[in-house]
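S.K.: Each chain, written out:
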Amino acid sequence: MDALSRPRLAAKARLRFDRKSSRYMLLYPERGLVLNPTAADVLQRCDGERTVGSIVEELARKYGHEPPAVEREVMGFLQTMADRGLVQAAP
Amino acid sequence: MSEPVRPYTLVAELTYRCPLRCVYCSNPLDYGRHDRELDTTTWRRVLQEAEDLGVVQLNLTGGEPLVRDDLEELIAEARRLDLYTNLITSGIPLRRERLARFRQLGLDNVQISIQDTIPAASDRIAGLRSFERKIEVAGWVKDLGFPLTLNTVLHRDNLDRVADVVALAERLGADRLELANAQYVGWALTNRAGLLPTREQLERARGVAAQARQRLRGRMEVLFVTPDYYVDLPKACMDGWGRRFIVIAPDGLVLPCHAAHTLPGLRFESVQARPLDEIWHDSPGFAAFRGEAWMPEPCKSCDRRAIDFGGCRCQAFLLTGRAAATDPVCRLSPDHGLIEAARRAAGEPAPAELVYRGPRVPVAAQRAAE
Numbered sequence: 001m002d003a004l005s006r007p008r009l010a011a012k013a014r015l016r017f018d019r020k021s022s023r024y025m026l027l028y029p030e031r032g033l034v035l036n037p038t039a040a041d042v043l044q045r046c047d048g049e050r051t052v053g054s055i056v057e058e059l060a061r062k063y064g065h066e067p068p069a070v071e072r073e074v075m076g077f078l079q080t081m082a083d084r085g086l087v088q089a090a091p
Numbered sequence: 092m093s094e095p096v097r098p099y100t101l102v103a104e105l106t107y108r109c110p111l112r113c114v115y116c117s118n119p120l121d122y123g124r125h126d127r128e129l130d131t132t133t134w135r136r137v138l139q140e141a142e143d144l145g146v147v148q149l150n151l152t153g154g155e156p157l158v159r160d161d162l163e164e165l166i167a168e169a170r171r172l173d174l175y176t177n178l179i180t181s182g183i184p185l186r187r188e189r190l191a192r193f194r195q196l197g198l199d200n201v202q203i204s205i206q207d208t209i210p211a212a213s214d215r216i217a218g219l220r221s222f223e224r225k226i227e228v229a230g231w232v233k234d235l236g237f238p239l240t241l242n243t244v245l246h247r248d249n250l251d252r253v254a255d256v257v258a259l260a261e262r263l264g265a266d267r268l269e270l271a272n273a274q275y276v277g278w279a280l281t282n283r284a285g286l287l288p289t290r291e292q293l294e295r296a297r298g299v300a301a302q303a304r305q306r307l308r309g310r311m312e313v314l315f316v317t318p319d320y321y322v323d324l325p326k327a328c329m330d331g332w333g334r335r336f337i338v339i340a341p342d343g344l345v346l347p348c349h350a351a352h353t354l355p356g357l358r359f360e361s362v363q364a365r366p367l368d369e370i371w372h373d374s375p376g377f378a379a380f381r382g383e384a385w386m387p388e389p390c391k392s393c394d395r396r397a398i399d400f401g402g403c404r405c406q407a408f409l410l411t412g413r414a415a416a417t418d419p420v421c422r423l424s425p426d427h428g429l430i431e432a433a434r435r436a437a438g439e440p441a442p443a444e445l446v447y448r449g450p451r452v453p454v455a456a457q458r459a460a461e
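Chains F and B are the protein sequences, given in the same order. Counting from 1, one number per residue, gives the positions in the first sequence under my numbering. Counting from 92, one number per residue, gives the positions in the second sequence under my numbering.
Don't read these hints as lab results, they were simulated from the structure. A couple of the hints might just be wrong.
To be verified - Label-pair ranges, simulated between beta-carbon atoms: (1) B:D173 with F:H65: 28 to 38 Å; (2) F:D83 with B:Q195: 43 to 53 Å; (3) F:N36 with B:I398: 16 to 26 Å; (4) F:R72 with B:W385: 18 to 28 Å; (5) F:P37 with B:G230: 53 to 63 Å; (6) B:K391 with F:R61: 54 to 64 Å; (7) F:N36 with B:H372: 45 to 55 Å; (8) B:P210 with F:H65: 51 to 61 Å; (9) B:R396 with F:N36: 28 to 38 Å; (10) F:D83 with B:G264: 11 to 21 Å.
Unchecked claim - Some chain B residues flagged as far from chain F (calculated, every beta-carbon gap over 12 Å): (11) E142; (12) T176; (13) M386; (14) G428; (15) L429; (16) A441.
Unchecked claim - Incomplete in silico selection of chain B near chain F, CB under 7 Å: (17) Y175; (18) N177; (19) T240; (20) N242; (21) G264; (22) D266; (23) R308.
Just so you know, even glycine gets a beta-carbon here, dropped at the ideal spot from N, CA and C.
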């Protein structure tokens, strides 16, 4: 995963808004993750078209943070999700 | 219990009918007595009520769910409710066109069971010639763009082939591999002498699985589920009684686990009698082992009581005759000797005959119940 990768959710993973917790959930076979708002913002943009770089830019603007700090966080999160097989870089 | 309870997963056991006769089936021994099945309209209502309660995951299972001819309607309804829907199947009987239709209707995941990597061994456990057809169906699952979960139940006759199971899963392009050791309740308990592995065998297989998990990280999720008989402290069965899961049996009984209706003295209710929400919150069967008030020692004062919830109620009942006993797999249980004796026996030659799942309760189990 680098700034030019185009991440997308793995085939087995799906986002869903949960009314009970007012959070997004990432659902996959037999499991689910309740996402904090930042994680949900990242995963909603993992559409296989946006690059990691453009996701970082969008979120830096949205939250008014410096891009390098946002990039570190987004990269770390996406790598964790990729290691768990929930996010892939589009070919 | 202070934490508000909210179910996340509905396990919809659509039928107990199944063309396979696996010797470790998790359906109750007396499933033949519960052969009335809910109709489509009732299941659709139940899905809606489950979603209202907070359910986000739906497992369509059985028996073999494919024998229901209304699966299409149930998948469509689940999709409308935005449930993550997993079809848990033997793959038999299925035509490719029907599977393609499930895809269009929004089914999320398909889980196929393979009993072994050697066709004859797989067919022996299933009691039906089925291995080659399953492999074909797994191929369709991937061709049609579904994620594929491959599930293999492990026991003394196939544990030494875990590396082959991993290789098969890779060849089929599985997204998730469940290496699930048999748990010794239901039919597997009846066949325990023929199925329970030795500790050495189990540890070798665990090592193979751990290497595969490392090597396949990010590509295939590899799960290895230990048999309760080889843990020292019990697992949180169903994540705790009535905490996360609702199981609905084919006849509509609402249960905290697959076999809760085999425990004596508990009263469970049917979705035909009451709305799901009321059953979940008030049913006496659900209340029986929720929280900690029911716990005996050593659970009551144990600092793991909110971690493992005292283990499996069905296992406690099947081994000790008391559903409220500490799960005997716990090394602190006064009945732990029962587990140690079974482990010792696992080193001895297996009996030649296994009992196949069928509509009659096995004679040995009937005798034990008398």
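S.K.: A separate judgement is required for each hint: does it hold in the structure or not?
M.R.: Now the hints, each set against the structure:
no., hint, in the structure
1, B:D173 with F:H65: 28 to 38 Å, "holds, 32 Å"
2, F:D83 with B:Q195: 43 to 53 Å, "violated, 32 Å"
3, F:N36 with B:I398: 16 to 26 Å, "holds, 24 Å"
4, F:R72 with B:W385: 18 to 28 Å, "violated, 49 Å"
5, F:P37 with B:G230: 53 to 63 Å, "violated, 41 Å"
6, B:K391 with F:R61: 54 to 64 Å, "holds, 55 Å"
7, F:N36 with B:H372: 45 to 55 Å, "violated, 29 Å"
8, B:P210 with F:H65: 51 to 61 Å, "holds, 58 Å"
9, B:R396 with F:N36: 28 to 38 Å, "holds, 30 Å"
10, F:D83 with B:G264: 11 to 21 Å, "holds, 19 Å"
11, E142, "violated, 9 Å"
12, T176, "violated, 10 Å"
13, M386, "holds, 27 Å"
14, G428, "holds, 34 Å"
15, L429, "holds, 30 Å"
16, A441, "holds, 31 Å"
17, Y175, "holds, 4 Å"
18, N177, "holds, 6 Å"
19, T240, "holds, 5 Å"
20, N242, "violated, 10 Å"
21, G264, "violated, 11 Å"
22, D266, "holds, 5 Å"
23, R308, "holds, 6 Å"
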